[in-house]
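Asker: Given the coordinates of chain A, work out where chain B should sit on it, guided by the hints.
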Amino acid sequence: MNSLPADFQFSFTLCLGFVLLAPFAIAGVALINAGLGRSRSAAHAMTSCLCVVSVAALIYFVCGFAVQRYPLHAEQFVAAGPPGAPGLFSRGVSDPGALLVLLVGIFSVGLASIIPLGAAADRWRLSAACTSTVLLAGWTYPVFARMAWHQFLPMLDVKFNLGHAFVDAGGSGAIQVTGGLTALSLAWLMGPRRGKFAPDGLPAAIPAHNEVFVLFGCMLAWIGWLGLNSAGAILYAGMHPQNSALVAVNTTFSATAAALAAAAVTRLRFRRPDASLIANGWMAGLVASSAGCATLKPATAILTGLVAGALVVLSVEWLEFGLKVDDPCGSVSVHAVAGLWGLLAVGIFAGDPDQFMAQLVGVAILIGFILPITYGLNCLLGHVIPHRVSPDGERQGMDLHELGADAYPEFVVHADELMG
Amino acid sequence: MKLPGFLLLLSGGGIVIAAVRLLHGGALSGFILAGFAVEVLGLALVARAHLPASKDKR
Numbered sequence: 028m029n030s031l032p033a034d035f036q037f038s039f040t041l042c043l044g045f046v047l048l049a050p051f052a053i054a055g056v057a058l059i060n061a062g063l064g065r066s067r068s069a070a071h072a073m074t075s076c077l078c079v080v081s082v083a084a085l086i087y088f089v090c091g092f093a094v095q096r097y098p099l100h101a102e103q104f105v106a107a108g109p110p111g112a113p114g115l116f117s118r119g120v121s122d123p124g125a126l127l128v129l130l131v132g133i134f135s136v137g138l139a140s141i142i143p144l145g146a147a148a149d150r151w152r153l154s155a156a157c158t159s160t161v162l163l164a165g166w167t168y169p170v171f172a173r174m175a176w177h178q179f180l181p182m183l184d185v186k187f188n189l190g191h192a193f194v195d196a197g198g199s200g201a202i203q204v205t206g207g208l209t210a211l212s213l214a215w216l217m218g219p220r221r222g223k224f225a226p227d228g229l230p231a232a233i234p235a236h237n238e239v240f241v242l243f244g245c246m247l248a249w250i251g252w253l254g255l256n257s258a259g260a261i262l263y264a265g266m267h268p269q270n271s272a273l274v275a276v277n278t279t280f281s282a283t284a285a286a287l288a289a290a291a292v293t294r295l296r297f298r299r300p301d302a303s304l305i306a307n308g309w310m311a312g313l314v315a316s317s318a319g320c321a322t323l324k325p326a327t328a329i330l331t332g333l334v335a336g337a338l339v340v341l342s343v344e345w346l347e348f349g350l351k352v353d354d355p356c357g358s359v360s361v362h363a364v365a366g367l368w369g370l371l372a373v374g375i376f377a378g379d380p381d382q383f384m385a386q387l388v389g390v391a392i393l394i395g396f397i398l399p400i401t402y403g404l405n406c407l408l409g410h411v412i413p414h415r416v417s418p419d420g421e422r423q424g425m426d427l428h429e430l431g432a433d434a435y436p437e438f439v440v441h442a443d444e445l446m447g
Numbered sequence: 007m008k009l010p011g012f013l014l015l016l017s018g019g020g021i022v023i024a025a026v027r028l029l030h031g032g033a034l035s036g037f038i039l040a041g042f043a044v045e046v047l048g049l050a051l052v053a054r055a056h057l058p059a060s061k062d063k064r
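So the sequences go chain by chain: A and B. For any residue, its number in this note's numbering is found by taking its place in the first sequence, counting from 1, and adding 27. For any residue, its number in this note's numbering is found by taking its place in the second sequence, counting from 1, and adding 6.
Chain A extracted, bound-state conformation (with noise of 0.2 Å):
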């Protein structure tokens, strides 16, 4: 390190700070996801999120790497030791550069496989997930972080004359969409949980289990967002490092107005503001702020996540009304339909036609490819594995039935297991 350039190491070690508060997203994220779930299954969400974030790393590592490539602005940021492309097992990844671009792979596939636990809650085989999550992390994830911001959509505009560039800097597409399309293919695939819909098509409420656990999660989450975000721009939206306090500004601005979104719409409609929904649209904020982290201005970023608020609230609501989908954790709603509003806002708030277009055309990739592929590879893998737990153990809970013990043993009787 001694004998690179100075401005390298500045960039070098800063962006490594922020990627070491990326792991914070993840436990965020997981903290949301068991507490927005069962008390049966809270142990069994905690360790689904353990176990598939270690397949994610793992997988990644070994063909995930090698199928996403560079980001085009790291290969910049890596120069201090040329890259070939990353063969199978990561290999000729060894400068610190290198190292640091693989690093932040991992901890964004890792946050991306985690979120489709959220929407199979409390039904989803442990099995089942660490095996969907082969494909995620070593095909779907790294197949659109290549398009995202290797080989196709950094190039629209030099390229294939579109005027300017798809721009997702903190992985509101890649990480965000991919994981929340992922997670609607799961909730289609594997139904609603036992009682959540009545014979009429009226869902049942079945109320978070810890709303402590889901707050703490969103403020965790905020820290690895503010890591997340930041690494992004540096490395793949190419930002200089000494513009990173934007990329923080408008991050905790889009989640603090989305939160404040959430807490009027719920108030409007149901005439309380709703904690589960609250932290659903500081989430949103959170995602939404993702992809224009680095090229929004503060008060475009107040507009962002002012809306991704108010839509969380209302799609929550279309899924499970409308559309009969049963996504306890709202991650269909967080993850990708305010991902998928945070593209679109890059080129709505950029003011120009042409950039709106170059949002499109990633939306487009994302919902047109990647969402039936997902769809199909898992309805493929669950005709081997079961993604579903049995009637019985989805009456007896998750965490009694795939793991043996209770995550609160001395406190919880749950009257509808002793009647049956």
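These aren't lab readings, by the way, just hints derived from the structure by calculation. Note that the structure is predicted; figures quoted are calculated from it, not measured. Any given hint could turn out to be false.
[What the hints assert, rightly or not] 30 Å max Cα-Cα, derived DSS-like pairs, lysine-lysine:
#: 1; chain 1: A; residue 1: LYS351; chain 2: B; residue 2: LYS8
#: 2; chain 1: A; residue 1: LYS223; chain 2: A; residue 2: LYS324
#: 3; chain 1: A; residue 1: LYS223; chain 2: B; residue 2: LYS8
#: 4; chain 1: A; residue 1: LYS186; chain 2: A; residue 2: LYS324
[Claimed, not checked] Derived CB-CB ranges, DEER-like:
#: 5; chain 1: B; residue 1: LEU28; chain 2: A; residue 2: PRO380; range: 16 to 24 Å
#: 6; chain 1: B; residue 1: VAL46; chain 2: A; residue 2: GLY228; range: 23 to 31 Å
#: 7; chain 1: B; residue 1: LEU9; chain 2: A; residue 2: ALA231; range: 28 to 36 Å
#: 8; chain 1: B; residue 1: GLY36; chain 2: A; residue 2: LEU47; range: 44 to 52 Å
#: 9; chain 1: A; residue 1: LEU295; chain 2: B; residue 2: MET7; range: 33 to 41 Å
#: 10; chain 1: B; residue 1: ALA40; chain 2: A; residue 2: ASP379; range: 18 to 26 Å
[To be verified] Covered stretches of chain B, going by a simulated chain A footprint (3 or more residues, C-beta under 8 Å):
#: 11; stretch: 18-25
#: 12; stretch: 35-47
#: 13; stretch: 53-59
Ideal Cβ positions, reconstructed from N, Cα and C, are used throughout, including at glycine.
Answerer: Quick look at chain B alone, frame taken from chain A:
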């Protein structure tokens, strides 16, 4: 309904990619919007196909 919906999703994505590779200017924007509209239609079909059958139909 599921299969036609997913085929529409893929077709819409194909229209967008082909437009980016082959067209310029106003035609490019038009075809991107058209491809996106096809995807929205496909998404609506897929979502509809996943609605549970209503009580009277069963």
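Asker: Compare the structure with each hint and give your call.
Answerer: Going through the hints against the structure:
1. A:LYS351 <-> B:LYS8: Distance of about 16 Å is within 30 Å: holds.
2. A:LYS223 <-> A:LYS324: violated (42 Å)
3. A:LYS223 <-> B:LYS8: holds (23 Å)
4. A:LYS186 <-> A:LYS324: Holds, at roughly 28 Å.
5. B:LEU28 <-> A:PRO380: 16 to 24 Å: holds (20 Å)
6. B:VAL46 <-> A:GLY228: 23 to 31 Å: With a Cβ separation near 24 Å, VAL46 (chain B) and GLY228 (chain A) satisfy 23 to 31 Å, so the hint holds.
7. B:LEU9 <-> A:ALA231: 28 to 36 Å: About 31 Å separates the Cβ atoms of LEU9 (chain B) and ALA231 (chain A), which means 28 to 36 Å holds.
8. B:GLY36 <-> A:LEU47: 44 to 52 Å: holds (46 Å)
9. A:LEU295 <-> B:MET7: 33 to 41 Å: Between LEU295 (chain A) and MET7 (chain B), where Cβ atoms are some 35 Å apart, the hint holds.
10. B:ALA40 <-> A:ASP379: 18 to 26 Å: Hint holds: Cβ distance 21 Å, inside 18 to 26 Å.
11. 18-25: holds (count 5)
12. 35-47: holds (count 6)
13. 53-59: Holds, because 4 residues of the stretch 53-59 of chain B bring their Cβ atoms closer than 8 Å to Cβ atoms of chain A.
In this structure, only the earlier hint numbered 2 is contradicted, and the remaining ones agree with it.
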